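Take a look at the letters that make up each chain.
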Amino acid sequence: MTRRLMPRLLLAAALGAGLQSGMTVAAHAADLTVAVSDNVIGLDPQDLNDNLSQAAARLTHEGLFRLDRDMKLVPGLAETFEANAAATEFVFHLRHGVSFPDGTPFDASVVKFSFDRGGNPANNLKRQSLFVMIDHTDVVDAYTVKVTLKYPFGAFPADLAHPGAMIVNPKLVAQWGKDFTRHATGTGPYELVSWEADTLKLKKNTHFRIAGLPKIDTLTYRSVAENGTRLAMLQAGEAQFIFPVPPEMIKLTEKNPKLALFDKPSLLSLFVDLNNAKKPFSDIRVRTALNLAVDKAAYRKVIWSGYADEQFSPMAPGIDGYVKLAPWGHDVAKAKALLAEAGYPNGFEATITCTPATISKRTAEFLQQQMAAIGVKLNVEVLEAGVLTAKLYTNPAPETATIQMLVTGWSTSTGDADWGVRPFLWGKGFPPVLNNFSYYKNPVVDEAIEAGLSTVDAAKRAAAYKIVQEQAWKDAPLIFLGQSHNLAAYAVGLKGASIRGDGQFNLDDDATLN
Amino acid sequence: MFEYLLRRLAGTIPVLLAVSLFVFAFVHLLPGDPARMVAGQDASFEQVENVRRELALDQPLWAQYGRYLNQMAHFQLGRSIKTHEPVAAMIGQRFMPTLWLTVISMVWAVILGVGLGVLSGVRRGRWEDRAAAVGAILGISFPSFWLGLLLIDLFSVRLGWLPTGGYGGWAHFVMPAFTLGSAVAAVMARFTRSAYVEVAAEDYVRTARSKGVPERGVIWTHTLRNALIPVITLTGLQFGFLLGGAIVVETVFAWPGLGRLLIDSVSFRDYPVIQAEILLFALEFVLINLIVDLLYGLVNPEIRLK
Chain A
1 MTRRLMPRLL
11 LAAALGAGLQ
21 SGMTVAAHAA
31 DLTVAVSDNV
41 IGLDPQDLND
51 NLSQAAARLT
61 HEGLFRLDRD
71 MKLVPGLAET
81 FEANAAATEF
91 VFHLRHGVSF
101 PDGTPFDASV
111 VKFSFDRGGN
121 PANNLKRQSL
131 FVMIDHTDVV
141 DAYTVKVTLK
151 YPFGAFPADL
161 AHPGAMIVNP
171 KLVAQWGKDF
181 TRHATGTGPY
191 ELVSWEADTL
201 KLKKNTHFRI
211 AGLPKIDTLT
221 YRSVAENGTR
231 LAMLQAGEAQ
241 FIFPVPPEMI
251 KLTEKNPKLA
261 LFDKPSLLSL
271 FVDLNNAKKP
281 FSDIRVRTAL
291 NLAVDKAAYR
301 KVIWSGYADE
311 QFSPMAPGID
321 GYVKLAPWGH
331 DVAKAKALLA
341 EAGYPNGFEA
351 TITCTPATIS
361 KRTAEFLQQQ
371 MAAIGVKLNV
381 EVLEAGVLTA
391 KLYTNPAPET
401 ATIQMLVTGW
411 STSTGDADWG
421 VRPFLWGKGF
431 PPVLNNFSYY
441 KNPVVDEAIE
451 AGLSTVDAAK
461 RAAAYKIVQE
471 QAWKDAPLIF
481 LGQSHNLAAY
491 AVGLKGASIR
501 GDGQFNLDDD
511 ATLN
Chain B
1 MFEYLLRRLA
11 GTIPVLLAVS
21 LFVFAFVHLL
31 PGDPARMVAG
41 QDASFEQVEN
51 VRRELALDQP
61 LWAQYGRYLN
71 QMAHFQLGRS
81 IKTHEPVAAM
91 IGQRFMPTLW
101 LTVISMVWAV
111 ILGVGLGVLS
121 GVRRGRWEDR
131 AAAVGAILGI
141 SFPSFWLGLL
151 LIDLFSVRLG
161 WLPTGGYGGW
171 AHFVMPAFTL
181 GSAVAAVMAR
191 FTRSAYVEVA
201 AEDYVRTARS
211 KGVPERGVIW
221 THTLRNALIP
231 VITLTGLQFG
241 FLLGGAIVVE
251 TVFAWPGLGR
261 LLIDSVSFRD
271 YPVIQAEILL
281 FALEFVLINL
291 IVDLLYGLVN
301 PEIRLK
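Chains as they are written, first to last, in the numbering used here: chain A, 1 to 514; chain B, 1 to 306.
Simulated from the structure, these hints should not be mistaken for lab results. Certain hints may be false.
Unchecked claim - Distance condition first, Cα-Cα at most 20 angstroms in a straight line; then the derived DMTMM-like pairs of lysine to aspartate or glutamate:
| hint | chain 1 | residue 1 | chain 2 | residue 2 |
| --- | --- | --- | --- | --- |
| 1 | A | Lys203 | A | Glu191 |
| 2 | A | Lys428 | B | Glu49 |
| 3 | A | Lys391 | B | Glu202 |
| 4 | A | Lys391 | B | Asp33 |
| 5 | A | Lys334 | A | Asp475 |
| 6 | A | Lys301 | A | Glu254 |
To be verified - From the structure, some residues in chain B lie toward chain A, with a derived Cβ separation under 7 angstroms:
| hint | residue |
| --- | --- |
| 7 | Ile229 |
| 8 | Pro230 |
| 9 | Ala254 |
To be verified - Just so you have them, the derived chain B footprint on chain A, three or more residues with Cβ under 8 angstroms:
| hint | stretch |
| --- | --- |
| 10 | 120-128 |
| 11 | 189-200 |
| 12 | 215-226 |
| 13 | 378-386 |
| 14 | 391-398 |
All of these numbers come straight from a predicted model, not from anything done at the bench. Note that beta-carbon positions come from the ideal geometry of N, C-alpha and C, so glycine has one too.
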């Protein structure tokens with residue numbers, strides 16, 4: 001399905017681009033409804049950290065740069081840029097003639113306002129971290145902005161492509177104050193119409209900088225918590241794109257010729273945290289044994305109905321700097337021998353913690369059954385997210401941590417290797433600082449992570465992240481399970497809608513709906 | 001009468017105060033950290049601490065409760081921790097969908113349930129009674145998420161007659177109100193029947209019958225009137241529970257109601273929203289109990305309001 005789908009999408013995009021100039025206005029309005037699993041929290045791009053809201057904000061806002069559907073960096077509101085050799089000064093040349101839907105012109109002062117707002121600690125916005133390296137922003141002329149950084153940061157354009165760095169409308173910020181997040185609309189292809197309870201309504205931004213686009217007239221973003229109901233909406237023609245689709249429901253979409261399946265690898269690595277600071281997981285032989293004991297192919301089949309990939313590194317392919325290593329494999333005899341060697345010839349008893357989410361719970365139960373084969377008896381503990389978060393983050397030291405094994409995973413929100421490994425593998429990232437719930441600490445890994453962070457040299461960074469991946473893969477601080485896929489379903493008449501690797505809904509500017 | 005009403009309404013204030021204290025204690029004792037939930041997994045330690053300060057969650061509990069009471073005294077519910085939206089607006093958007101769904105479900109469920117209950121009571125042991133019993137057992141034992149999904153599959157996906165869900169015109173109400181009401185109707189039918197049968201065995205019913213009161217009079221005046229008292233109590237309770245939001249039905253039919261808002265708020269530890277919703281539910285129950293008491297007097301003038 002994946003292999004067939006991509007050329008089709010590319011073809012659709014190419015056709016869309018080719019036809020653009022000669023197209024007349026469609027006879028009937030194209031009204032797209034997207035059904036998602038949860039509510040949008042806000043629309044202020046600088047104050048969002050959930051995928052769902054960020055994806056909605058990306059429909060109404062743009063940044064100087066953006067990541068396209070394949071998470072490739074492309075220009076947005078900036079046409080070109082120059083940087084000095086030290087990567088501390090960036091000059092951005094902005095597009096001319098762009099305005100917000102309310103007529104407010106987009107120019108250098110708007111960019112300065114946005115960056116100053118996002119980086120001001122007093123505003124306490126959730127995406128402040130994207131602006132911390134900025135020392136000051138200067139307006140050179142109406143369409144030129146110069147940003148001076150506090151320290152070299154070669155990945156600055158990529159940083160500005162994050163949805164959190166999108167440009168906000170200063171007039172709306174002043175007008176709405178605390179309620180801005182309910183009314184934010186930027187220079188994106190769509191503008192906000194209304195937002196009540198679980199329904200967000202957008203319409204085509206007639207001021208959009210690319211003439212003739214978008215081709216979809218109205219866009220409704222609805223929160224529908226029940227998986228079966230979302231699917232029914234798609235089948236009944238009430239929605240044209242639904243996300244996510246649980247793996248076990250895929251078969252239902254395949255039977256219907258009017259529906260198509262979207263299936264692409266995500267950037268999410270699935271694993272189980274093991275508390276490396278405490279017995280029995282402080283012994284590398286035990287951790288190795290657990291990794292060997294899991295039948296990863298069965299895991300992908302049972303839990304993901306096959307919609308997952310084998311894992312070859314702690315980091316997902318698709319992140320820059322990814323290195324493909326030898327897979328762990330499945331070897332029960334060797335696992336048993338290693339356990340015996342570590343002093344557990346009859347195995348041991350441990351508790352595995354998961355959330356009430358179906359996949360999480362089923363993963364824990366699957367591992368319970370797998371580990372029984374090497375004599376390890378797992379008790380499954382299901383903790384509601386709030387309780388789990390409190391347990392994970394309010395614990396003062398590795399020795400007192402009460403969670404032994406945790407079903408979890410990690411996906412980078414920036415597409416960069418640093419955020420792909422540092423949060424869960426860095427020895428200085430024990431909670432509450434970051435999410436190293438394994439309390440894994442290896443000086444080799446720590447040094448490499450810090451080296452990658454302190455240079456802008458692509459080759460040096462790649463070398464650093466290679467060391468991180470190789471060492472952590474060998475140390476097995478986690479039970480590596482696999483890489484998940486993003487699954488969505490849509491009406492065949494819709495072209496140009498997808499889910500990016502980071503799990504965000506993406507609608508191409510030239511998307512069409514027939 | 002007026003004085004009675006006034007006294008009852010004044011009595012709600014201590015009840016609400018007690019509820020506010022109880023709910024406040026309850027939500028703050030729940031393990032979980034809203035500051036971490038708001039800041040998200042990507043957040044640094046400093047960011048989480050900033051959020052905590054901004055939300056005044058770093059203050060001692062008594063200070064937080066004081067702030068909360070002060071807000072309440074000014075009829076302000078504060079803003080949601082999760083969305084920054086005013087809590088009053090969030091509840092306002094979801095109150096009408098919940099109220100309408102409750103009213104429509106209750107109306108048909110009570111009429112059908114009480115009707116079937118009386119029919120079973122009058123014709124107890126006959127086929128009408130057995131048929132009603134089978135219907136009621138089906139109504140009680142059908143899980144509403146399953147019934148809801150079956151209805152959606154039939155009427156929306158296969159036949160295309162009704163929308164799958166969401167709040168809108170009358171067509172949007174049909175399936176949710178049916179699903180929500182069916183369990184209520186079933187409970188009402190069984191309850192009415194047993195109340196009817198119990199009263200029918202009373203001495204005064206036998207006396208009435210032996211005095212030659214026509215059967216119709218025995219049923220309506222002597223039996224039903226008295227059997228209705230517990231039925232009204234149950235109706236009031238059911239109404240109150242449904243006003244609290246029907247979580248399963250709201251989820252299956254993507255209904256923007258209070259039940260899902262409460263669940264979402266609890267899992268996010270959105271304290272102001274949880275507190276406001278529970279307080280609203282307490283207020284609703286107090287009012288419903290008052291109405292139920294007034295109805296007692298209406299059904300049976302022997303019951304005096306003091």
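Checked hints:
Simply put, lysine 203(A) and glutamate 191(A) have alpha-carbon atoms about 5 angstroms apart, close enough for the 20 angstroms limit, and the pair holds. Between lysine 428(A) and glutamate 49(B) the CA atoms are separated by roughly 18 angstroms; this keeps the pair inside 20 angstroms, and the hint holds. Proximity of lysine 391(A) to glutamate 202(B) is assessed by CA-CA distance (about 59 angstroms); at most 20 angstroms being required, the pair is judged violated. Among the hinted pairs, lysine 391(A) with aspartate 33(B) is consistent with the structure: their alpha-carbon atoms are about 10 angstroms apart, no more than 20 angstroms.
This hinted pair checks out: lysine 334(A) and aspartate 475(A) have alpha carbons roughly 17 angstroms apart, not beyond 20 angstroms. Taken as a hint, the lysine 301(A) and glutamate 254(A) pair is honoured in the structure, with Cα atoms around 18 angstroms apart against an allowance of 20 angstroms. Contact between isoleucine 229(B) and chain A, as hinted, is not supported at the beta carbon level, the nearest pair being about 38 angstroms apart and thus beyond 7 angstroms. For proline 230(B), the suggested interface contact is broken, since its CB lies about 36 angstroms from the closest CB of chain A, more than 7 angstroms.
Among the interface hints, the one on alanine 254(B) holds; its C-beta lies about 4 angstroms from the nearest C-beta in chain A, closer than the 7 angstroms criterion. Under a criterion of three residues with beta carbons nearer than 8 angstroms to beta carbons of chain B, the stated coverage of the stretch 120-128 of chain A is upheld, 4 such residues being counted. Counting residues of the stretch 189-200 of chain A whose CB lies closer than 8 angstroms to any CB of chain B gives 4, which reaches the minimum of 3, so the coverage claim holds. Counting residues of the stretch 215-226 of chain A whose beta carbon lies closer than 8 angstroms to any beta carbon of chain B gives 5, which reaches the threshold of three, so the coverage claim holds.
Counting residues of the stretch 378-386 of chain A whose beta carbon lies closer than 8 angstroms to any beta carbon of chain B gives 3, which reaches the threshold of three, so the coverage claim holds. Remark: the stretch 391-398 of chain A is confirmed as covered by chain B, as 3 of its residues place a Cβ nearer than 8 angstroms to a Cβ of that chain, reaching the required three.
The structure shown violates the earlier hints numbered 3, 7 and 8.
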